[in-house]
Amino acid sequence: MRRVVVTGIGIVSSIGNNANEVQTSLHDARSGISFSDSFAEHGFRCQVWGAPTLDPSAMIDRRAMRFLSQGAAWNHVAMDQAIADAGLGESDITNERTGIVMGSGGPSTRTIVEAAETTLKNGSPKRIGP
0 MRRVVVTGIG
10 IVSSIGNNAN
20 EVQTSLHDAR
30 SGISFSDSFA
40 EHGFRCQVWG
50 APTLDPSAMI
60 DRRAMRFLSQ
70 GAAWNHVAMD
80 QAIADAGLGE
90 SDITNERTGI
100 VMGSGGPSTR
110 TIVEAAETTL
120 KNGSPKRIGP
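Numbering-wise, numbering that gives the first Met the number 0 puts 78 at position 79 of the sequence shown, and it's gapless, one number per residue.
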């Protein structure tokens, strides 16, 4: 048996919500960074951000969305795009020898604050969502 790598690309970012949009933005030197009123209101030294404009709730099952932070939902959409781009079917992705490599900038400040508030309110981190 030969080893193979089937690659697919999925991207949800501040400069596009799929590989083609990101490629066009890069080609056109379009920035996804903008001023954040919320960051300014909180007195943050850095008052710019780059966030995807994609609403993942239209692409992810409602029940699954209950357990996903916004960032995790964007990752889920990018994963679905990568699977489709690679041309993988259900039997391919359920195979124990199939894996995925992905990257993310980490949790949002909102997610971190919500986790801290939940811990303070309940006295335990057990109620923090994924």
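Derived by calculation from the structure, the hints in this document are not laboratory data.
Treat the hints with care, since some could be wrong.
Stated by the list, open to error - Okay, the calculated beta carbon distance ranges per label pair:
id, residue 1, residue 2, range
1, 114, 48, 14 to 24 Å
2, 31, 91, 24 to 34 Å
3, 37, 58, 23 to 33 Å
4, 114, 78, 15 to 25 Å
5, 41, 2, 46 to 56 Å
6, 109, 26, 38 to 48 Å
7, 65, 38, 35 to 45 Å
8, 57, 107, 12 to 22 Å
Virtual Cβ for every residue (Gly too), placed ideally from N, Cα, C.
Report task. List, from low to high, the hint numbers that the structure doesn't satisfy. Result -> Violated hints (numbers, rising): 6 and 7; every other hint is consistent with the structure.
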